[in-house]
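From first to last, the protein sequence lines stand for chains A and B. Just so we're aligned: 89 in this note's numbering is position 89 of the first sequence, and the numbers increase by one with no gaps anywhere. Just so we're aligned: 212 in this note's numbering is position 212 of the second sequence, and the numbers increase by one with no gaps anywhere.
Mixed in with the good hints, there may be bad ones.
Claimed, not checked - Taking lysine-lysine pairs in the DSBU-like style, the calculated list, with each CA pair at most 30 Å apart, reads:
(1) B:Lys195 to B:Lys120
(2) A:Lys255 to B:Lys88
(3) A:Lys255 to B:Lys5
(4) B:Lys8 to B:Lys285
(5) B:Lys107 to A:Lys9
Derived by calculation from the structure, the hints in this document are not laboratory data.
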Amino acid sequence: MSYFFQIIKAEVIKQHRTTFHSTATYFSLLIWPVVIFFNAYFSYKPFQMTKSRWPGLETPESIILFLIIGYIAFLSFWTLVQSAAMMQVERQDGTLETIFLSPGNRIAIIYGRVLGALFENMWMFFSFSLLMVISIKGFPLHNLIYVPLCFLILLVSAVAWGGLMNAIFLFSRDASIIFSICYEPMNLLAGVRVPTVVFPIWAKIISVIFPLTHALVLVRNLLMKGELGSVLPEISWLLATIIAMVVLTIWIIKKAEQNARKQGNLLFY
Amino acid sequence: MLIAKNIKKIFQLKERTGWFRSKVVRQITAVDDVSLEMTPGKIVGLLGINGAGKTTTIKMLAAMIEPTAGILQINGIDAIRYPMEVKKYLNVITGGERNIYWRLTAKENLEYFAALYHLKPSEINYYIEKSLSLVGLTEVVDVPVERYSKGMKQRLQIARGLVNDPMFLFLDEPTLGLDVVIAKELRQHIYRLAKNENKGVLLTTHYITEVEELCDYVYVMDKGRIIAQGSPSEITRVAIPEQRITITLPSLSLEAEEALKEVAAASDVHITFDHENSHTVVHIKSKDNLIMKFIKIVTENNIPVLNVSILEPRLEDALLQLATISKEGGEVD
């Protein structure tokens, strides 16, 4: 087991060293949340939000908070899709083949890549969003005690999602379709901008497959209402989607390597 | 010991016929019925023209590609069935500047790759120091690889290939594009790896001098098959069995010329004469060493010998000969 974590650690360190070369890179990560914040705030500002028909979002502050939490969580997930696409670079540089030459645990390598990408981005998103949450008028400050739990929920669900994305990019060099499938559909159907409870039934069914959907419900409930009692089924749904994604990831990794050994295509790009 | 018996690789080229459907449009036999052996401490050469199947063979031996048929055993383990079990005994070093992270330092690169081999942290440090010192990169261990010269990157490739202290090392054109000085240094490293570190080395290269200098045994491939094998000198003898001798004389009498022709005809020797103004050159191509017989005839006719040269067949000529025979569809004994 210690070798498993040794590989995860090595992968996280490598990701950090290959991606982040200066402190400017870290500060550049601030730009997205800032833009998102102003985008959400000024998009909704002209409207009369006191007459919102979205359940639980009757005040302007609550809608802005709803949106900010949604976007920050979405970005954490989206970052992992982008990092998975970097598999293409490893393929071109020949390092992917060198990795697969070794007996290193493939699952550890994949989740190491995910964690490497996630830690880099998440701390910045999270700290900035925290500042925004605190600065919004009417935010229940006592709910801040749930921040570590929210972080954990987002971390675990995003890692499960990122593992699947990495495994898909490992399997296929033509996986750019994932960008198209994941960006707008996930943005819309996971309830980033609109609560899933107001969706038509077909959209609700699709939204269930995204772990982001359930993670968002939990995080929003914790930060906005300070409780989880009303959303207990979401915990089961989140666990189910996470387990399904991990199982699927492991299956894809095995199939991908079997296929690569048959076709000799780890080097193709 | 590494034993490959009758390994074969057929690649299937597929064409998409729908969203989730494809059909096999062509099959390519990259490697066909190849058998070879590697033992620790020996350097084995794998030669052949481009497309002969050398790289596919190496990838199969390194458990990266699954053979379509055949047996592959590494230290008694079935490498086709248990590829992950044998990977710890192997490593591959390729020519060129890829396969390493340019933005990392040499040490960071090796730390990462060593961690993939299930080594303890103390072992990782030991092998990193050992391999970097072997290739002479200890002075630049903390410099990012992107600042290295081509030769330094290639040396780092060798160090990377040694981080797991492999028993068998596959070198796929390791001196490709390097200048003569660096290439010579690398050859010395390769020699030391086999002879001092007791590693079994398989080398593919287009530089014949490397093979002549390093290899104990050579396999020659063409169109996916092994067409000749043996020590470099054995292969040369098989491909070009004739010795080429030239004897330079001041002149040659008709009697002496006839006597030489008679001996040649009786011994299945090809003989020609170049009569120049000041001297005569006798060219002899012979499977047997008949030089003393010819010299005797010349001296019996009171003709002084100005010069005798024996041209030993070269491996390069032998390979060209083998390639020609193979192209014509002939068999090599």
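Going through the hints against the structure:
| no. | hint | in the structure |
| --- | --- | --- |
| 1 | B:Lys195 to B:Lys120 | holds (27 Å) |
| 2 | A:Lys255 to B:Lys88 | holds (22 Å) |
| 3 | A:Lys255 to B:Lys5 | holds (27 Å) |
| 4 | B:Lys8 to B:Lys285 | violated (39 Å) |
| 5 | B:Lys107 to A:Lys9 | holds (16 Å) |
Going down the numbered hints, you'll see the structure goes against just number 4.
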